[in-house]
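J.: Each chain, written out:
Number of protein chains: 4
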Amino acid sequence: MIIVMKAGAAKKDKDEVLRRIRELGYRPHVIHGETRDVIGAVGDERDKALLQSLESLHGVEKVVPILQPYKLASKEVKKEASLVRISDDVVIGGRQVIMMAGPCSVESEQQIIDSALAVKKAGAHILRGGAFKPRTSPYSFQGLEEEGLKLLAKARDLTGLPFVTEVIDPETAELVAGYADILQIGARNSQNFALLKKVGQLRKPVLLKRGMSMSIQEFLMSAEYIMSEGNQAVILCERGIRTFETATRNTLDLSAIPVLKGKTHLPVVIDPSHGTGNHHYVAPMCYASVAAGADGLIVEVHPDPEHASSDGPQSLKPAKFEAMMAKLRLFVEADGRTL
Amino acid sequence: MIIVMKAGAAKKDKDEVLRRIRELGYRPHVIHGETRDVIGAVGDERDKALLQSLESLHGVEKVVPILQPYKLASKEVKKEASLVRISDDVVIGGRQVIMMAGPCSVESEQQIIDSALAVKKAGAHILRGGAFKPRTSPYSFQGLEEEGLKLLAKARDLTGLPFVTEVIDPETAELVAGYADILQIGARNSQNFALLKKVGQLRKPVLLKRGMSMSIQEFLMSAEYIMSEGNQAVILCERGIRTFETATRNTLDLSAIPVLKGKTHLPVVIDPSHGTGNHHYVAPMCYASVAAGADGLIVEVHPDPEHASSDGPQSLKPAKFEAMMAKLRLFVEADGRTL
Amino acid sequence: MIIVMKAGAAKKDKDEVLRRIRELGYRPHVIHGETRDVIGAVGDERDKALLQSLESLHGVEKVVPILQPYKLASKEVKKEASLVRISDDVVIGGRQVIMMAGPCSVESEQQIIDSALAVKKAGAHILRGGAFKPRTSPYSFQGLEEEGLKLLAKARDLTGLPFVTEVIDPETAELVAGYADILQIGARNSQNFALLKKVGQLRKPVLLKRGMSMSIQEFLMSAEYIMSEGNQAVILCERGIRTFETATRNTLDLSAIPVLKGKTHLPVVIDPSHGTGNHHYVAPMCYASVAAGADGLIVEVHPDPEHASSDGPQSLKPAKFEAMMAKLRLFVEADGRTL
Amino acid sequence: MIIVMKAGAAKKDKDEVLRRIRELGYRPHVIHGETRDVIGAVGDERDKALLQSLESLHGVEKVVPILQPYKLASKEVKKEASLVRISDDVVIGGRQVIMMAGPCSVESEQQIIDSALAVKKAGAHILRGGAFKPRTSPYSFQGLEEEGLKLLAKARDLTGLPFVTEVIDPETAELVAGYADILQIGARNSQNFALLKKVGQLRKPVLLKRGMSMSIQEFLMSAEYIMSEGNQAVILCERGIRTFETATRNTLDLSAIPVLKGKTHLPVVIDPSHGTGNHHYVAPMCYASVAAGADGLIVEVHPDPEHASSDGPQSLKPAKFEAMMAKLRLFVEADGRTL
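Chains A, B, C and D, in that order, give the protein sequences. By numbering that gives the first Met the number 0, the letter at position 122 of the first sequence is numbered 121, and the numbering carries on one by one without gaps. By numbering that gives the first Met the number 0, the letter at position 277 of the second sequence is numbered 276, and the numbering carries on one by one without gaps. By numbering that gives the first Met the number 0, the letter at position 238 of the third sequence is numbered 237, and the numbering carries on one by one without gaps. By numbering that gives the first Met the number 0, the letter at position 295 of the fourth sequence is numbered 294, and the numbering carries on one by one without gaps.
Bound-form chain A, shown alone (with noise of 0.2 Å):
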């Protein structure tokens, strides 16, 4: 941590800074500048709340973190990358692409296994259905709860892909997790702590999607949440961030793969669906995403996306999922890496 005092800052402001410093349990170093003084307190930044306190001293500008706050998630802590096992023959981290589809919610369980017969079809390794969705509106569907579990399942045993849906509260989180392979945390319950905590403490993989105006810091902060509860089995997922611009419905972050291969071991996957809000941009985006190293996406696709009870507008029929992975290969393979 780096306090900055304020220029002219009195000999009275610097002892105290160096006083509390110590009593903190850290050791202080002053670099004496040309303007001002810059107090560096040497020591393990982890509650780095405390340390930021010496903010409302007087005589001190600011106080600049210089650690990252997160350990388990950190590549300086674990520098090879994770491999989160799923199933028998699907990992995500390694070598080969994974990608999840279905629709958005689940509806029936005609919808539903057409849906995972059309993905399985086209290659799909995993299995993608909302049976709690969380809603803007109260208004909206809320999805078929515990029936949609069971018809995920059916789908499963029908097919043989292993299933991802969300978790929306810690209440119902242990029925999740007694039909699902993976449990997805949606973009908004990303720092709902206590729902990250109960995740933690459950033996399945989860799919953590970042939240809509979440900083990549903070995304590892969540991660590292579930973590520090035991669970290590994380999936990083970009969804988009909420910005300025309206012609999509988010603005897809893919410098995001890069800056998080850069800072942890995790996997990463990307959303275009939810990413870009529209049919029409999801091919070109999972293109990018899988040139710019992306692990695995998750991907819309209803039969009859004119019918659907929610996102439609963004998802995929099966014909053009179908195209898209056949030219989705192209960029995998040209990566040194299998679909």
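FYI, nobody ran anything at the bench for these hints, they're computed from the structure. Be a bit skeptical, because a hint or two may be false.
Copies of the same chain look alike in the list, so a pair counts if it fits in one copy or across any two.
[Unchecked claim] When the alpha-carbon atoms are kept at most 20 Å apart in a straight line, the in silico SDA-like pairs for lysine to any residue are as follows:
1) K13 <-> V41
2) K262 <-> Y138
3) K262 <-> R35
4) K262 <-> D43
5) K326 <-> Q95
6) K74 <-> E33
7) K5 <-> V63
8) K196 <-> P133
9) K70 <-> S227
10) K196 <-> T171
11) K5 <-> K78
12) K149 <-> A246
13) K196 <-> E145
14) K70 <-> Q141
15) K78 <-> G58
16) K262 <-> D88
17) K70 <-> F140
18) K61 <-> V41
19) K316 <-> L116
Please arrange chains B, C and D on chain A, whose structure you already have, making use of the hints.
T.: Just chains B, C and D now, with coordinates in the frame of chain A:
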């Protein structure tokens, strides 16, 4: 809902849109434009997701919603301002500007009692203090939990000040409601719909904070979640939104006051402490909030901010808070209200 | 400047950093941390780009600037508030809150004369009106140009009100300066450095608008451009920044007032018309601006907004403006100032 | 244009809206809704500002534009992709992906010649280099100006590479056009309309960078400014937008590629150097851009980035650039194009 067709869309595409509009229970109405047609879908738009799915149809350029998706929170449904009664003496939404003040976290009996006495002396009406703390880092202080609630109750007994404290999950919501006078939903849980539904079922006023990247419309939809479960006592709290600017922790959106006053009957409270993240900026933002028509303020006050467990840099010392209150009174009176 | 080394950086990488720091004319100062070293570079950081290039060196994690890059605009260099004199009667930055008002564009002699008389009657000190208009569309009305300047001068002759009008390129800057009392730099030209240098060479006060995505620091750097050419009469104008929120045209950042007051001696003026884009929100934001400490306001007033060539939706009618001024006076007086 | 009336608007308010629509030369068309009426105004919306002024009328809730305000840039007007010819060999917008590369600033003859030779060897088609530099600080290196243009011309003579360089004001635009093969409009000048008009009158291709907080629609309107003056040779360049994220200098918006491809016939080029601000992230973003369908790239390459006068941290060394080009070729070929 307005469906904008592409320039040169084929007749069969338009016919399909008309068919789908009728199928969903709306009446279509075509406007033939110079370069493209526009189709109005007349009917109740509350579940706009289904109409939005028409964007997937061939020949459709975009779907533009017209109606606001909230009802109970809307001024169209209830024109007069809602009063939220907290205690015999304290009502939010009327002619009196209400001041909530206290530390970010309850840290000890001494600290919360000192804080309560100090803010009461300066004229505050409600004590604030966190017992369950949603922290970005799992390694930061997570609050005293139920012990904190007991200390807050003790401070209330001593001073007569009702208190507001945060609820962080559905599981502990009833426990908190057993002690608190107002249940706070934090910015990070502003779209935690399971939690919103839960506090909607309790019979305590709710202080709902706006999420960091939440639009005004989504903010009102979250209020609608609480209200649609039966709890009409919702207080909206603007606490800064996330933007590119880093000179402040967030960007306090004071125009949200007149915008909300134009759309809803619910009271609006401002949190300049989180909104700016810097105690130097809190007083001017308090004055501005009241001048813009806020019904109240929630401000962090700590007897010893340099030793605070959290949010030290944005907390006022009691003497500063008292000076601020004295000047605030002048602006409140200029507005023809009381403090 | 603080150079943060990577955890486990090699000795030769650190030596290279030290060598480069000295080569650039700074003195290096090493702090040995628990997991990584931090190196201070002591010296004048004004041209921080050169030090920033050290980020390319092997073993360097990041380079953190410490000093503010502006000098002339800084409160560290000049502590007392600057007064910008516009005319014998009108000074911005002192105890009097200054009101600038008038239409977005000069449209006709009748319109600008009517506007000037109306805003003068309501108590405005300065007339505003655009003659050269920077419009997003090449097909929109581009202003009356020199004819507009003449009409503004005529309105000044008639009412005694000095006027502010926009300068849009270096070529016409002198022409505009030959008529106007204050030269406005619009938000879209806030980093048009050729134009900033040009108005820095003229001897007329400059009203510098903040760019739509301009940080406070960049805002002060743009002021520095003007000042470093010799023109110290710079008035800063916050006019809303671009965020995700669409309920207002921009998000008016009123916390910029105390932030700027803490960093610079230059006066600060607020434009709530562009800041909100909606005439309903202008009055509350005027009150809030003054309560937060703004030195003045610039407001769009049009005698017939439904027929305005530009910015009709955010313009006040004269009667509304007059009512606003009456209430504004109460807040100004509560703040111990005059209007 | 769609005018949405308030719920319960009076008949005389609606009549006034109808009267004004006709007065402005449009045909009104009323849709009677369940809770409110919606009025379509049929006609050419190009000068939407006038219709927008109807928002000031009593009883009007909002005005929603339907048409895109650009014509010449629109795919509706010209369906086939535009090819921009730079030299006999180099055409942007066709099957060949075009690479522009070179240093941020021209610093010396040695540096620009070395850069040109290095990027040519690696396969670049166009040299980039700044002679007139728009710098945030007046104290930073402002470029070699005409001397820089001469050095760029010398490098072109030696290597055969055409060059792109920035134009920063109308006054020097012709001077620059006398040397350069492509005129670059920088992000900070993307709404400097005087400059856009000026380069629209010249007969050199223009590389137009997207502004930092510029919507796609505004981006196309700036292209329209250039085109409406007679210059159709516009190349659009996405270079990152400003968001809350600080892990990268900007957020590179790669979804802009398919969005633009859907709306305009103009070629689209990506600048991952400014887009990320970090040389580690440049290569993956190059691969992603091509996979998403970009027509070209513009990349900063410097023989000695640790000594660069500007943008060192985001510049690639020649060897890294060469390695990147080799891998890029694989993605280009996977896309069925050539490099």
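J.: Would you mind marking each hint as holding or not holding in the structure?
T.: Status of the hints after comparison with the structure:
1. Taking the closest pair of Cα atoms, K13 and V41 come within 20 Å of each other both inside a single copy (16 Å) and across two copies (18 Å).
2. Taking the shortest Cα distances, K262 and Y138 sit within 20 Å of each other only across copies (19 Å), while inside one copy they are farther apart (41 Å).
3. Proximity of K262 and R35 under a CA criterion of 20 Å is satisfied inter-copy only: 15 Å between copies versus 32 Å inside one chain copy.
4. For the homomeric pair K262 and D43, the shortest alpha-carbon distance inside one copy (18 Å) is at most 20 Å, but the shortest distance between copies (32 Å) is not.
5. For the identical chains of this complex, K326 and Q95 are neighbours both inside a copy (16 Å) and across copies (19 Å), given an alpha-carbon limit of 20 Å.
6. In this homomeric assembly, K74 and E33 come within 20 Å of each other (Cα to Cα) only across copies, at 17 Å, whereas the closest approach inside a single copy is 37 Å.
7. With identical chains, the CA atoms of K5 and V63 are at most 20 Å apart both within one copy (14 Å) and between copies (16 Å).
8. In the homo-oligomer, the alpha carbons of K196 and P133 lie at most 20 Å apart both inside one protomer (19 Å) and across protomers (11 Å), since each shortest distance falls under that limit.
9. Taking the closest pair of Cα atoms, K70 and S227 come within 20 Å of each other only inside a single copy of the chain (9 Å); across copies the shortest separation is 42 Å, beyond that limit.
10. In this assembly of identical chains, the alpha carbons of K196 and T171 lie at most 20 Å apart whether taken from the same copy (14 Å) or from different copies (14 Å).
11. Taking the shortest alpha-carbon separations for K5 and K78, only the inter-copy value of 14 Å comes in at or below 20 Å, while the best intra-copy value is 39 Å.
12. In the homo-oligomer, the alpha carbons of K149 and A246 never lie at most 20 Å apart, since the shortest distance is 37 Å inside one protomer and 41 Å across protomers.
13. Proximity of K196 to E145 under the C-alpha cut-off of 20 Å is restricted to the inter-copy arrangement: shortest distance 18 Å between copies versus 22 Å within a copy.
14. With identical chains, the CA atoms of K70 and Q141 are at most 20 Å apart between copies only, with a shortest distance of 18 Å across copies and 37 Å within one.
15. For the homomeric pair K78 and G58, the shortest alpha-carbon distance between copies (16 Å) is at most 20 Å, but the shortest distance inside one copy (41 Å) is not.
16. Proximity of K262 to D88 under the C-alpha cut-off of 20 Å is found in neither arrangement, the shortest distances being 28 Å within a copy and 42 Å between copies.
17. In this assembly of identical chains, the alpha carbons of K70 and F140 lie at most 20 Å apart only when taken from different copies (17 Å versus 39 Å within one copy).
18. For a Cα distance limit of 20 Å, the shortest separation of K61 from V41 qualifies both inside one copy, at 16 Å, and across copies, at 18 Å.
19. For the homomeric pair K316 and L116, the shortest alpha-carbon distance inside one copy (13 Å) is at most 20 Å, but the shortest distance between copies (48 Å) is not.
Hint check: violations occur at hints 12, 16; the rest are consistent with the structure.
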